[in-house]
Structures are given as structure tokens and as C-alpha cells.
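Chemist: Bring the two chains, given one by one in their own frames, into a single complex with the hints.
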Amino acid sequence: MARSRRDAIDAFGEELARLEAEGVLVLRQVERERVAAHHASLRTAQDESEAPDTPTVRRLAAGMRIATLLGAFALSAAYALFVDANWAALSLTAQLPLVMAPPIVLAILTGVAAQREPSRYVASVVATVAVIAFAVNLIVVGSLFNLPESRHAFLAVGLFAMALAYGYRLALVLVLGILGVGLWFWSLASIPSGAWWSTAFEQLEPLALTGLVAIVLSRRLAGSAPFADEYRVMGSLALAGALLILGQTANASYFHGADGRIVEGAYQVVGAMTFAAMIAVGLRRDWPEMVRVGTGAAFIFLVMRLVDWFWDWIPKWLFFLVIGAVAMGVVLLLRRLRLRQAVQA
Amino acid sequence: MTRGWLGAVAVAVIVNAAMLLPVYRAHNGGARIVDAAVCSDHLMGGYSQTDRIRLGLPLDHVPVTALDHARLVELGFSDADLVQIGDTTPMRRFPPSRPAWVRLVQRTDSTQPWRVAAVGSRRDDVAGTGMVVRARVAIEHWVWTPEGPVRVAATVRRTEPASLYLRDDRAARLRTLRVGPSRCITPVRLGNGTDGSVWVESVP
Chain A
1 MARSRRDAID AFGEELARLE AEGVLVLRQV ERERVAAHHA SLRTAQDESE APDTPTVRRL
61 AAGMRIATLL GAFALSAAYA LFVDANWAAL SLTAQLPLVM APPIVLAILT GVAAQREPSR
121 YVASVVATVA VIAFAVNLIV VGSLFNLPES RHAFLAVGLF AMALAYGYRL ALVLVLGILG
181 VGLWFWSLAS IPSGAWWSTA FEQLEPLALT GLVAIVLSRR LAGSAPFADE YRVMGSLALA
241 GALLILGQTA NASYFHGADG RIVEGAYQVV GAMTFAAMIA VGLRRDWPEM VRVGTGAAFI
301 FLVMRLVDWF WDWIPKWLFF LVIGAVAMGV VLLLRRLRLR QAVQA
Chain B
1 MTRGWLGAVA VAVIVNAAML LPVYRAHNGG ARIVDAAVCS DHLMGGYSQT DRIRLGLPLD
61 HVPVTALDHA RLVELGFSDA DLVQIGDTTP MRRFPPSRPA WVRLVQRTDS TQPWRVAAVG
121 SRRDDVAGTG MVVRARVAIE HWVWTPEGPV RVAATVRRTE PASLYLRDDR AARLRTLRVG
181 PSRCITPVRL GNGTDGSVWV ESVP
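As they're listed, the protein sequences go chains A and B. Per my numbering, residue 1 is the first one in the first sequence, and the count goes up by one each step. Per my numbering, residue 1 is the first one in the second sequence, and the count goes up by one each step.
Chain B on its own, in the form it takes in the complex (with noise of 0.2 Å):
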């Protein structure tokens, strides 16, 4: 009973090193590195000084082709959920969002979005140029155009993790892109692990 405190030890040290192995593996083993352009509209937070800034993967706003009816069944989706696609009425509840890897490919218009370019329920299903990461895939409402209907559609809801972590001399540099005349910033290197982390390597 002296020792109770060996076991939280032990937790404690367990789940630190199950969290970070991983991550020191991705790092160092073959990641590959993607050049990207940062604009304004892609960070979250800091819009005070005590509010920290993160780096958004913003996805396009357009319907995703990838999405089409046997993908999403291969995802889990039922048929009772499917038949819901296209609807313009308002459901009660949407089915429970699924897990995907996706492809995101950075689009070059003047928001730069990242566009989704393959989806599947397996990592070597979407492999391609690009960022291969996590992500949730739903079906729920939504407005493709201001002017469109709202309507029930497949979409991929965030990538898994939505956003990334700047360090603060990384956020200092991004954070001036809400102030000054050019809104996006290019070359951020962003890195990619073979496990679908994803991580800010540079930014200039």
C-alpha cells in the first residue's frame, strides 16, 4: 500500500511514451514534405494576444467527388442513411460520422483551400501526391453555394487534427498575415508521417 503510487507511475509513464514513440517514428522515419501556401483565413485563434494561434486545414467547400455511393458504403454507411442524400428536408438526426483517410491536395485559387482528392478506409487506398491524413467523413446538411439550397450531402466534416500547433515564433510570423497587405504566405512546410500525422516543419 506504501508503493500505491508505483502504479500510477507506471501508468503515467506508459501512456507518455505510447503517446510520443509514435510521433518520434513519424518524424524521423520518412516523412514526406509538403510545401503550402498560408493564408489569413487559415488560422484559428489568436485574436488576442493571450489566444493561441493554430494553423487550419481548411477544406474546399465544393461537393467531393471521391464520395460516391460504394465508397460510402465501404465506410459504413447504411443504406437508410444513403437514401437520405440529396434531400432537401430536414432530418431529425445524422448518422454518426465515420472514420477515413483522405488525400488533401492544396487547390491554387485565392483562398487555397486543400481539396479532397481520394477518400477510403485504408491508407494505401488514397495513396498519391499530396497529404494523406485522418479524417471524418458525414452525412449531414449543406450549402454548397450561398444561393443553393440547404440539402443533405456526404461530406468530409475535419481532418484528424483539424489544426496543427504553431510555436509561438511561427505564430508571431503567420499572425501578421491578418494585418498586412498580403493575406497568404508561401512556402510553410508542412510534414507528413507515413501514419497519417501531419505537423508545421517551416515557416518562413
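Bound-form chain A, shown alone (with noise of 0.2 Å):
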């Protein structure tokens, strides 16, 4: 059960309580049992899935993620030192297998910690491993048999973590996932000019178009799974990015022939708007994921601009006064907006 829905449940236990006992709404016996089943039922199903949730829990589970990040960390860096080490010693029938099996056996692994520790911290190490060990796989048998380079590696590594991801439930793994997918589809932009697959890398449009797409798509592409806040975070990263970095080198844009300042300029008025837009669109969609992205960039925006107008013939300190004045402007704006919305809600 989300924790959404906890939480409403908490509430309107406690508003019900306080609306009987002021006389506004009292339910009758056989509703108040039915609504009661109903939430036992659920409460229920969540013990049996995972833990209660209190503050103190919540404040272990955050201890778990990180421990969750250090441990595939830690075993991915075992698993590849392990091979390096004993690398040389192995021949071609050996050296195949032993980095060809390991993402199976880690995908199959993750399936069985799945199974038994319904909190799925251990799985996403598991399949974390996993992923990075098909990584690993496909580099080394490219390496061992001098195959060229291929945009497709990029795929079959984001397929592969999706497959784990949606199959678990995994946000961590399907972040892998969606970066696999997103870099093959931010290099297809080569196709047309059929220029080396690799150089699409080189222009940024095509990567805000990847962000956009996960962005608009979020709840279509995380389908009966919990991760539209997933697809809206990578989105929203890669959308932000392309637009900061187009904004300060037309090198990096389709249009880098035509006139830099102008090409510079237009990504500039482009990067100011949609950041704008992410913040609008986080608050009124109740997105805060997409609002700390959309207001990160806009404070590195403003700070970027303010470099290149002020840094050259105004004080040091001055400047960063400035850059602090921006910074309060930022927080007093957000306030605002989060007053208004509190209003409206």
C-alpha cells in the first residue's frame, strides 16, 4: 500500500473522529464496519508486504537506501576486480563463461530475494549487480573478439534492467534502465545524416527530445508499475541539462554553423520558459520531483547569465552578493507559490 494512501486513511480516521464528535457527520454502524474491514484489509496487506510505517520507520528506510547504493557499489567492484585479477590465468573457455553467467545467475537471484524479503532492498542490490555485470559482459566479449562499437549496448543493458525492474518493481534499477534506453535513443539521431553512430552524442536537441518524451510519457511508459516519478526525474534532468548547456555553446547544437550568439540567445529564452514551465507544471500536477529539477536549473541558469554579465567588470564580493540576493529572490518566490497552492488546495 503507498504511503499516500496511509497517510489518508490516518486522516480520515482522525477528521471522522473529530466531525462526530462535533455533531457534523455521524456514520451508521453497518457503514462504519464496512469502512473499517475495507482499511483492516489493507493495513493488512501492507504487514504482510512490509514494514509499518512511522516516522522512525521511514528514517530506516532511507538508512536502507543508501546502504542499498554502498552495497551494489561494493559487489560490483568485487565482481570486476575479481575478473581483472584473475583474468590472464584463464583461457578463452574459461574467460567466456565467467562473465557471460553471472547476469544470468544475478537475474535469477534477484527473482529469489524477491521472493523472500518482500521489502526488495536486497533484490535491487541483486539486480543492481546484475545490470552492471551484463555491462561488463557485453564490453569484455566486444573486447575479446574486436567487435566495433555499437549503439545497441546501450539498449540491450537498459532492456535488460527494465526486464528486472518492472518485473520486481526496482526504481533504482530502473533508472539504469531508462538511462540505457535513453542514450540508444538520443543516439538514433545520427540515423538521418547517417554520420558514425556515436557523434549523435555531440548534439544536445535530440537529448531534450528523450527528456520530453519521458516527461510526457511518464505514466503511459511506467504503465500498472509505481514509477512515473521515475521516467518524470530522468526526463526532467535530461530536458534541464540539454537546455543549460545549449543556452552556453552553440558547439553543442543541430544549428552550431549559424551565428553562436544568436543560437546561444534563442536556447537561453527556450531554457528560462521551460524551466519556468517545470516548476508551473510540478506544482499544479503536485510533481515535486520535476519542482526541485525545474528550480535547480533555474538557479544555475540565473547564475550562468549573471557570470556572463556581471563577472568581468563588478567586484567579486559584489557578485556574490548578488548571487545570494537571486537566491533568497528563488526561495521568497517558492514560498509564495507554495502559499498560493496550500490556498487552493
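In short, the hints are calculated from the structure, not lab data. In this text, a Cβ means the ideal position worked out from N, Cα and C, and glycines have one as well. Any given hint could turn out to be false.
Unchecked claim - Here are the computed distance ranges between Cβ atoms for each label pair:
{"hint": "1", "chain 1": "B", "residue 1": "V73", "chain 2": "A", "residue 2": "L209", "range": "23 to 33 Å"}
{"hint": "2", "chain 1": "A", "residue 1": "L306", "chain 2": "B", "residue 2": "V150", "range": "30 to 40 Å"}
{"hint": "3", "chain 1": "A", "residue 1": "H38", "chain 2": "B", "residue 2": "R3", "range": "22 to 32 Å"}
{"hint": "4", "chain 1": "A", "residue 1": "L306", "chain 2": "B", "residue 2": "C184", "range": "57 to 67 Å"}
{"hint": "5", "chain 1": "A", "residue 1": "L237", "chain 2": "B", "residue 2": "E74", "range": "33 to 43 Å"}
{"hint": "6", "chain 1": "B", "residue 1": "F94", "chain 2": "A", "residue 2": "W309", "range": "23 to 33 Å"}
{"hint": "7", "chain 1": "B", "residue 1": "R3", "chain 2": "A", "residue 2": "P226", "range": "13 to 23 Å"}
{"hint": "8", "chain 1": "B", "residue 1": "S48", "chain 2": "A", "residue 2": "A327", "range": "40 to 50 Å"}
{"hint": "9", "chain 1": "B", "residue 1": "R3", "chain 2": "A", "residue 2": "S193", "range": "40 to 50 Å"}
Unchecked claim - Derived contacts from chain A toward chain B, CB cut-off under 7 Å, selection only:
{"hint": "10", "residue": "A88"}
{"hint": "11", "residue": "P103"}
{"hint": "12", "residue": "G111"}
{"hint": "13", "residue": "S143"}
{"hint": "14", "residue": "A156"}
{"hint": "15", "residue": "G194"}
{"hint": "16", "residue": "A195"}
{"hint": "17", "residue": "W196"}
{"hint": "18", "residue": "N251"}
{"hint": "19", "residue": "H256"}
Said to hold, decoys possible - Okay, the calculated bits of chain B under chain A, using three or more residues with CB under 8 Å as the criterion:
{"hint": "20", "stretch": "9-16"}
{"hint": "21", "stretch": "58-68"}
{"hint": "22", "stretch": "82-89"}
Modeler: Spelled out as C-alpha cells, the structure:
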């Protein structure tokens, strides 16, 4: 059961008690019992699948997430160093299974971990290591047989990660999947011009487009899994990052042959409007992750413009004073937007 | 949901098969064997015991005559890209490099680099003696001689792959080129598949 649903049930109980005490609403016994039974069944399902949700448990969950990341990193490093240390002593017939078997074994272990430990932290660690092992698998086989670099390696790793992420609802692994499929999608931009595939990464418009697609289609891409937030975060980061760089250098643009100042200026305008739109849409649709990315991008954008405009001709202490004032202005603006949002709610 | 791992395993198996089957076919389907000399300059990496050594395919540092105007247009370069060739002023950004097929023939001078004998957009365009491999063609700044000016030129930037895997025993034999009196060893046998793949077949 989602945390928001649990919170809603608790708030409903408290408000119902108040309304009954104030004589505004009194439910009939049969209605009260039906609601109570329904909520009890929801809570039972929660107890079976995960720990009860309290502030202490939430703090522990945050700690477990950090431990998950560190665990995934440490296990991946152990695997990579083991392969590196023993590589020279092995024949080709031993080298191939050493790199091809781990992703398969770890994918199966992800299923075992997800079944035995319902909170899925262990499954998340195992799946992350599986994805990294699969990426190592492709790199090493490519190196062993001198295969040309291929964009499809990104798609393969992305699909592998997504199979595990959707199969067991693992958000961290989904981020790797989005990254892989997103890079592949970005690399397709070289096809119309017939250029070498990796040259697509020299132009950032396709990255911005990829981010936009991830945001707009977030619900559809997530399907029945609770992954819309992950798509929006990754999409927002791609869109904001691309526009920030395009506003800074026309060399990263499709239009690099045109007047650089015009291209950069145009992207600065587009960027400013996009960051404002990200904050507004995020507030209206209650997408806090998009508000954070939009705010961060808008702040970085302002700092970059201030550097362009003022760095060379005002004293440094005054420059940082201006930056501080801008930061305070952003805080006040967001506070005002939040208050307005609260009043509307 | 309990079988979610099946999708991941299927991806891993299919992708590995898609990589290995063409390799198997190339090695067992009429590969061309090319005798080549390997000099110390051809070795990449291996400067410490833990640093793996690979065999590079260094290209001749002279203008590639096969890269004429018609060929560059065929590879997809635009007129705006081509008018910059010969220019000595700095370019803001090079045009994206383009995939091509090249035929390589080894030169027999002291450093024995690979000369690009033919360039084309299709494999059949470059058929002939030597090795036929994939490569990237670029228009970028180039210096033909140490004394010459930097100018914009069409070049074969690198082959795909740019270097070849060496098994440890072969790498150990080639590593001696760096310390011994003989700076070249011959014949190292390279395999060249009909799909443009290339590998080290044997080292004496």
C-alpha cells in the first residue's frame, strides 16, 4: 500500500472522529464497519508485504536506501576486481562463462531475493549488480572479439535492467534502464545524417527531446508499475541539462554553423521558459521532483547568466552578494507559490 | 511477477548469441589470413605488468588519395563540410565522422604502418588485396609533416576496431619488441572475416 494511501486513511480516521464529536456527521454502524473492514484489509496487506509506516521506519528506510547503493557499488567493485585479477590465468573457454554467467545467475537471484524479502532492498542490490555485470559482459565480449562499438549495447543493458525493474518493481534498477534506453534513443539522432552513431552525443537537442518524451509519456511508460516519478525525474534532468548546456555553447547544437550568439540566446530564452514551466506544471500536478529539478536548473541558469553579464566588471564580493540575493529571491518566490498552492488546495 | 527474471535472462542470452554467432561465422566462413609485421609502435598499452596490451592498426600519416570529392560526397559529407578542406584557419567544430569501408595494405618501410588503399561506402567498393575493415572517415585538422601547417583535411580517423585483443601468451611475446634489439616481428597472422571483422590469428 502506498504511503499516501496510509496517510489518507489515518487522516480520514482523525477527521471522522472530530466530525462525530462536533455532531456534523455520524456514520451508521453498518457503514462504519464496512469502512473499518476495508481499511483493516488494506493494512493487513501492508503488514504482510512491508514494515509498518512510522517516522522511525521511514528514517530507517532512508538508511536502507543508502546502504543499498553502497552495497550495490561494493559488490560490483568486488566482481570487477575479481575478473580483472584472474583474467590472465584463464583460457577463452573459461573467460566467456566468467563474464556471461554472472548476469544470468544474478537475475535469477533477484527473483529469489524478491520472493524471500518483501521490502525488496536485497533484490534491488542484486539486480543492480546484475545490470552492471551485464554491461561488463558486453564490453568484455566486444573487446575479446574486437567487435565494433555499437549503440545497441545501450539498448541491451536498458532492456535487461527494465525487465528486472518491472518484474520486481525496483526503482533504482529502473533508473539504469531509463539511462540505457535513453542513451540508445539519443544515439538514433545520427541515423538521418548517416554519421557515425556516437557523433549523435555531440548534439544535445535529441537529449532534450528524449527527456520531453520521458516526461510526457511517464504514466504510459510506467504502465501498472509505480514508476511515473522515475521517468519524470530522468526526463526533467535530461531536458534541463540539455537546455542549460545549449544556452551556454552553440557548439553542442544542431545549428552550430549559424551565428553562435543567436543560437545561444535563443536557447537561453527557451531554457528560461522551460524551467519556469517545469516549476509551474510540477506545482499544479503535484510532481515535487519536477519542481526540484526546475528550481535547480533555473538557479544554475541565473548564476550562469550573472557570470556572463557581471563577472568581468563588478567587484567579486558584489557578484556573490548578487548571487545570494538571487537565491533568497528564488526561496521567497517558491514560498509564495507554495502558500498559494496550499490556499487553492 | 515471480518469473520476472525470465525476461532479463532472455535478453542476456539473445544479446550474447547475437554477438557470438557472427564471430563464429566469421572465423569459420572463409576468412582471409593476412601476414603482417608488428613493430613496437603498433603496440598499445602494456606499459606495466597490470596494463593489458593490445595490437593497434596504425594508419599511414599521409593524405588518403582515395578520399576525393566524389567519395566524400558518397559518404555523406555536405558541400559546407567539403569547402573547408585545405583551410588553415581553426574550425569551430568538425563535422560528424562517417562510417566507411576501407582496404588496408601494410607498407614495408621501417615503421610499417597500414596504408589506406581504398575507401567506400560499401564493402564491395573496396575489394582487393589486403584487409577490408570498417572505419570512420572524418574532416578535421591534420598535420601531414612535422614542419607543415595544420590544415583541414579528410582523413580515415580510425579503424573499427582500432586495436585487437591479444591473448596473454601472444601479448608476452610481442611485449619483447619494446626491450629487444629487433623492433619488428613477422609474420604475425591476422584473420579478416567477410563481415569486416579482424583478429590476431597467431604470433610466432
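Chemist: Does the stretch 9-16 of chain B contain three or more residues whose Cβ lies closer than 8 Å to a Cβ of chain A?
Modeler: holds (count 7)
Chemist: Taking the beta carbons of R3(B) and P226(A), is their distance inside 13 to 23 Å?
Modeler: At roughly 20 Å between Cβ atoms, P226(A) and R3(B) fall inside 13 to 23 Å, so the hint holds.
Chemist: Per the CB criterion, is A88(A) less than 7 Å away from chain B?
Modeler: 5 Å, holds
Chemist: Taking a Cβ-to-Cβ distance below 8 Å as contact, does the stretch 58-68 of chain B have at least three residues touching chain A?
Modeler: violated (count 0)
Chemist: Tell me whether the statement that chain A covers the stretch 82-89 of chain B is true, taking a Cβ distance below 8 Å and needing three residues at minimum.
Modeler: Coverage by chain A is violated for the stretch 82-89 of chain B (0 residues, Cβ < 8 Å).
Chemist: Assuming the hint says 23 to 33 Å, is it satisfied by the Cβ distance from V73(B) to L209(A) or not?
Modeler: Since the Cβ atoms of V73(B) and L209(A) sit about 29 Å apart, the hinted range of 23 to 33 Å holds.
Chemist: Holds or violated: the hint that N251(A) contacts chain B, with Cβ atoms closer than 7 Å.
Modeler: Cβ of N251(A) sits 5 Å from chain B, so the hint holds.
Chemist: Quick check on G111(A) please, does its C-beta sit within 7 Å of some C-beta on chain B?
Modeler: This hint holds: G111(A) lies near chain B, its Cβ roughly 4 Å from the closest one there, short of 7 Å.
Chemist: Grab the minimum C-beta distance from W196(A) to chain B and call the hint holds if it beats 7 Å, violated otherwise.
Modeler: 5 Å, holds
Chemist: Against chain B, is G194(A) within 7 Å by beta-carbon distance?
Modeler: 4 Å, holds
Chemist: Does the CB of A195(A) sit less than 7 Å away from some CB of chain B?
Modeler: 3 Å, holds
Chemist: Against the range 40 to 50 Å, how does the distance between the Cβ atoms of R3(B) and S193(A) compare: consistent or not?
Modeler: At roughly 42 Å between Cβ atoms, S193(A) and R3(B) fall inside 40 to 50 Å, so the hint holds.
The structure does not agree with the numbered hints 21, 22 stated previously, though it agrees with the rest.
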